[in-house]
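Q: Which chain is which? The protein sequence lines are A and B, in order. With this note's numbering, letter number 1 in the first sequence gets 2, and the count goes up by one each step, no holes. With this note's numbering, letter number 5 in the second sequence gets 26, and the count goes up by one each step, no holes.
The set of hints was computed from the structure by calculation and includes no laboratory data. The structure displayed is predicted, hence computed values, not measured ones. Heads up, the beta-carbon is just placed ideally off N, CA and C, and yes, glycines get one too. One or more hints might be untrue.
[Said to hold, decoys possible] Derived CB-CB ranges, DEER-like: (1) B:F95 with A:E15: 41 to 51 Å; (2) A:I75 with B:G37: 42 to 52 Å; (3) B:T41 with A:P41: 20 to 30 Å; (4) B:S28 with A:Q109: 23 to 33 Å; (5) B:R85 with A:T103: 20 to 30 Å; (6) A:E67 with B:Q101: 48 to 58 Å; (7) A:S42 with B:R62: 13 to 23 Å; (8) B:N73 with A:E17: 45 to 55 Å; (9) B:T41 with A:E46: 22 to 32 Å; (10) B:R62 with A:P41: 15 to 25 Å; (11) B:D77 with A:N14: 37 to 47 Å; (12) B:N73 with A:D68: 33 to 43 Å; (13) A:E15 with B:T59: 42 to 52 Å; (14) B:G37 with A:N55: 51 to 61 Å.
[As the list claims (entries may be wrong)] Heads up, incomplete: computed chain A residues facing chain B, CB under 10 Å, no partners named: (15) Y37; (16) G44; (17) P45; (18) Y47; (19) V48; (20) R101; (21) F104; (22) G107; (23) Q109.
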Amino acid sequence: DAKTTQPNSMESNEEEPVHLPCNHSTISGTDYIHWYRQLPSQGPEYVIHGLTSNVNNRMASLAIAEDRKSSTLILHRATLRDAAVYYCILRVGVRTSGSRLTFGEGTQLTVNP
Amino acid sequence: DAGVIQSPRHEVTEMGQEVTLRCKPISGHNSLFWYRQTMMRGLELLIYFNNNVPIDDSGMPEDRFSAKMPNASFSTLKIQPSEPRDSAVYFCASSFNQVAVLNEQFFGPGTRLTVL
Numbered sequence: 002d003a004k005t006t007q008p009n010s011m012e013s014n015e016e017e018p019v020h021l022p023c024n025h026s027t028i029s030g031t032d033y034i035h036w037y038r039q040l041p042s043q044g045p046e047y048v049i050h051g052l053t054s055n056v057n058n059r060m061a062s063l064a065i066a067e068d069r070k071s072s073t074l075i076l077h078r079a080t081l082r083d084a085a086v087y088y089c090i091l092r093v094g095v096r097t098s099g100s101r102l103t104f105g106e107g108t109q110l111t112v113n114p
Numbered sequence: 022d023a024g025v026i027q028s029p030r031h032e033v034t035e036m037g038q039e040v041t042l043r044c045k046p047i048s049g050h051n052s053l054f055w056y057r058q059t060m061m062r063g064l065e066l067l068i069y070f071n072n073n074v075p076i077d078d079s080g081m082p083e084d085r086f087s088a089k090m091p092n093a094s095f096s097t098l099k100i101q102p103s104e105p106r107d108s109a110v111y112f113c114a115s116s117f118n119q120v121a122v123l124n125e126q127f128f129g130p131g132t133r134l135t136v137l
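This is chain B alone, in the form it adopts within the complex (with noise of 0.2 Å):
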């Protein structure tokens, strides 16, 4: 199994333009979760899904944020415009999530962004 995988594993970019972080998740797995990890927040989620669907997006921290999931396979993280303060290592997580059965969530490497 290749486990969660992201990409890309760094992006540099400058402020103002269009960041698109893209994740695969572990197939079968029917929840997906965005994390941002910086030195001064630790980890904290963003939003999650469930079968495709949005369930919590309360961590997202403005309307530049936004995150789709298409279909089971796939997951996208936009920030437009791009801020220096959104420089951090996002995380994408997924995990078979049913009733009564608590299963544990897989992280990917994670994608490091630099806003110059």
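Chain A with its partners taken away, still in its complex shape (with noise of 0.2 Å):
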């Protein structure tokens, strides 16, 4: 699996937006973009995918460079229920072997009220 590098971690404050950076030199051309993240005391949870253009959801935004080789998990207000560890993951897409997700370190987010 194509490896990704993320801050160990980054502080926001309440109510302002927050970008958390991943970088994927080594993505091929299939590699889909996803992120998780995993809240305190709880399993990690789906935020957001994209493939080659910008995606909104409701809970973030993911910006994907041209060259896809960095992309940018946006949230837009946080807020103290954001505090998370943020994972940003590769995955093979359009084959059921891609069903894997091999996660990394991630990048603690602090939220300051």
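Work from the hints to combine the two standalone chains into their complex.
A: Encoded structure:
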């Protein structure tokens, strides 16, 4: 699986936007970019995913660089409940064997009141 | 929808004892995953099933670990005999996996295992 690189930790203030970066310089053409987050004492939960175009959903936005070697997860207004570990994961598409997720160390996001 | 259900939520046992962790996936999902999370190794995939068939068990640490999925609504992860280094949080996840359709994995609340 292609590897991703994320900062170990980031801090934000409540109600401010947060930009969480992820580098994936060895990404291949069929790799989808997935983001999951893990709240304290809970299992991971899906946030968003994309292939080439920027994506928006109710939780966040995903901005993907034109060369696809990096991406940024954007939380538009951070709340205290967004404090979690955020994982950027590359996942092979369009094959049943591409079901697996390989979690790295992720970014620990701290949100200050 | 109840989500992925895991039991027990907490298990404390002594070294050498058999431990069985249970998982009920979300109804209609055809893929099931077992993960283990520790401070040292992070979150790692142990095994996953598609349509009740084990597809990849390369993450299973050793022969002491075994997993079964007798039907679409139930899976077990067994450790026999257990050792202190098996202490971790074990997560079960399920998804609807279909070629060309990427659906997210839904994780259960986890089972915190402590082996004394």
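Q: With a cut-off of 10 Å on the beta carbons, see whether A:Y47 makes it to chain B.
A: Since chain B brings a Cβ to about 3 Å from A:Y47, closer than 10 Å, the hint holds.
Q: Does the Cβ-Cβ separation between B:N73 and A:D68 fall within 33 to 43 Å?
A: Since the Cβ atoms of B:N73 and A:D68 sit about 41 Å apart, the hinted range of 33 to 43 Å holds.
Q: Evaluate the given range 37 to 47 Å for the C-beta pair formed by B:D77 and A:N14.
A: 42 Å Cβ-Cβ, so the 37 to 47 Å window holds.
Q: Holds or violated: the 22 to 32 Å window for the beta-carbon distance between B:T41 and A:E46?
A: holds (26 Å)
Q: Could one say that the CB atoms of B:T41 and A:P41 fall in the range 20 to 30 Å?
A: Given range 20 to 30 Å: holds, Cβ gap about 27 Å.
Q: Does the Cβ-Cβ separation between B:S28 and A:Q109 fall within 23 to 33 Å?
A: holds (29 Å)
Q: Just tell me: holds or violated, for the beta carbon distance of B:G37 and A:N55 against 51 to 61 Å?
A: holds (54 Å)
Q: For the range 41 to 51 Å, tell me whether the beta carbons of B:F95 and A:E15 fit it or not.
A: Holds - the Cβ-Cβ distance for B:F95 and A:E15, about 42 Å, lies within 41 to 51 Å.
Q: 45 to 55 Å was suggested as the range; check whether the CB atoms of B:N73 and A:E17 agree with it.
A: holds (47 Å)
Q: Does the nearest C-beta of chain B fall within a distance shorter than 10 Å of the C-beta of A:R101?
A: holds (6 Å)
Q: Evaluate the given range 48 to 58 Å for the C-beta pair formed by A:E67 and B:Q101.
A: Since the Cβ atoms of A:E67 and B:Q101 sit about 52 Å apart, the hinted range of 48 to 58 Å holds.
Q: Should the hint that A:V48 touches chain B count as held when the rule is a Cβ pair under 10 Å?
A: holds (9 Å)
The structure fails to meet hints 13, 23 from the earlier list, while all remaining hints are met.
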